[in-house]
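Student: As you go down the protein sequences, you meet chains A and B in turn. Counting in this note's numbering, the first sequence runs from 24 upward without gaps. Counting in this note's numbering, the second sequence runs from 3 upward without gaps.
In case anyone wonders, no lab produced these hints; they're calculated from the structure. It is possible that some hints are incorrect.
[As the list claims (entries may be wrong)] Short, incomplete list of chain A residues facing chain B, as computed with Cβ under 7 Å:
1. M50
2. S54
3. P62
4. G63
5. L68
6. R95
7. S117
8. W119
9. E126
10. F130
11. G133
Note that this is a predicted model, so its numbers are computed, not measured. Where a beta carbon is used, it is the ideal one built from N, C-alpha and C, also for glycine.
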Amino acid sequence: NAGVTQTPKFQVLKTGQSMTLQCAQDMNHNSMYWYRQDPGMGLRLIYYSASEGTTDKGEVPNGYNVSRLNKREFSLRLESAAPSQTSVYFCASSDWGQAATNEKLFFGSGTQLSVL
Amino acid sequence: GESVGLHLPTLSVQEGDNSIINCAYSNSASDYFIWYKQESGKGPQFIIDIRSNMDKRQGQRVTVLLNKTVKHLSLQIAATQPGDSAVYFCAENIQGGGNKLTFGTGTQLKVEL
Chain A
24 NAGVTQTPKF QVLKTGQSMT LQCAQDMNHN SMYWYRQDPG MGLRLIYYSA SEGTTDKGEV
84 PNGYNVSRLN KREFSLRLES AAPSQTSVYF CASSDWGQAA TNEKLFFGSG TQLSVL
Chain B
3 GESVGLHLPT LSVQEGDNSI INCAYSNSAS DYFIWYKQES GKGPQFIIDI RSNMDKRQGQ
63 RVTVLLNKTV KHLSLQIAAT QPGDSAVYFC AENIQGGGNK LTFGTGTQLK VEL
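Extracted from the complex, chain A is given alone in its bound form (with noise of 0.2 Å):
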């Protein structure tokens, strides 16, 4: 069971260049989520998808959006990158959401962006 998987697990961008995080999960959870990790700070939340067709803001969202492409994927683009969106990136997902009221989150096991 593969739980949730995230690509690429390592990526370096040059400033201004742009990518897509990919994320999927295979427990037919409803919810997911992305989130980041700086030194000192924890996890924020910086998109999330309550359900299959809706996205919301997080914490942090300024520069990134987000695709819920089906109720397995959950992808995080970057468009024009900076370096201040060097970090480490989690995905997550959680059976939350409509009828349902777990609010443990699974995460993958990140990726890891530099942006120079």
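Chain A is already provided as a structure; the job is to place chain B on it using the hints.
Tutor: Okay, now just chain B, sitting in the frame of chain A:
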């Protein structure tokens, strides 16, 4: 905005001792709390959770205590083992705010042999 904070950034314990990791929260509307363990280079892994209608919950070697009066949460690890070395995060969910966990900054637990 509201935030979840931790009292100690680093905690060192001897193997076999009990560990206590503390967490303070400031939002009285939070109704769900959860602890995660993160090993180096990996994603956070669920340890234990507790709802605001409970004061204590036990798992395997772990216990979470919730004191709503002083807005304090703690994670107790019994008989700490080298494999427990990791960063531990607490997180809270605000009632009615959707499922958007707010994380603390983490505590590094180091187990000394």
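Student: Now tell me, hint by hint, if it's right for this structure.
Tutor: These are the hints, each one checked on the structure:
1. Residue-level restraint check for A:M50 is violated (minimum Cβ-Cβ distance to chain B is 13 Å; threshold 7 Å).
2. Restraint check, A:S54 versus chain B: the minimum CB separation of about 6 Å is within 7 Å; hint holds.
3. Nearest Cβ of chain B to the Cβ of A:P62: about 9 Å, over the 7 Å cut. The hint is violated.
4. Taking 7 Å as the C-beta contact cut-off toward chain B, the hint placing A:G63 at the interface holds, the least distance being around 6 Å.
5. Because the smallest distance between the Cβ of A:L68 and any Cβ of chain B comes to about 6 Å, under 7 Å, the interface hint for this residue holds.
6. Residue-level restraint check for A:R95 is violated (minimum Cβ-Cβ distance to chain B is 18 Å; threshold 7 Å).
7. Proximity of A:S117 to chain B holds as hinted, the smallest CB-CB distance being about 6 Å (cut-off 7 Å).
8. For A:W119, the shortest C-beta to C-beta distance to chain B is roughly 4 Å, which falls under 7 Å, so the interface hint holds.
9. A hinted interface residue such as A:E126 counts as satisfied when its beta carbon comes closer than 7 Å to some beta carbon of chain B; here the least separation is about 5 Å, so the hint holds.
10. The interface hint given for A:F130 is met, as the beta carbon of that residue sits about 4 Å from the closest beta carbon of chain B, less than 7 Å.
11. Satisfaction of the interface hint for A:G133 is found here, the shortest Cβ-Cβ separation to chain B being roughly 5 Å, below the 7 Å cut-off.
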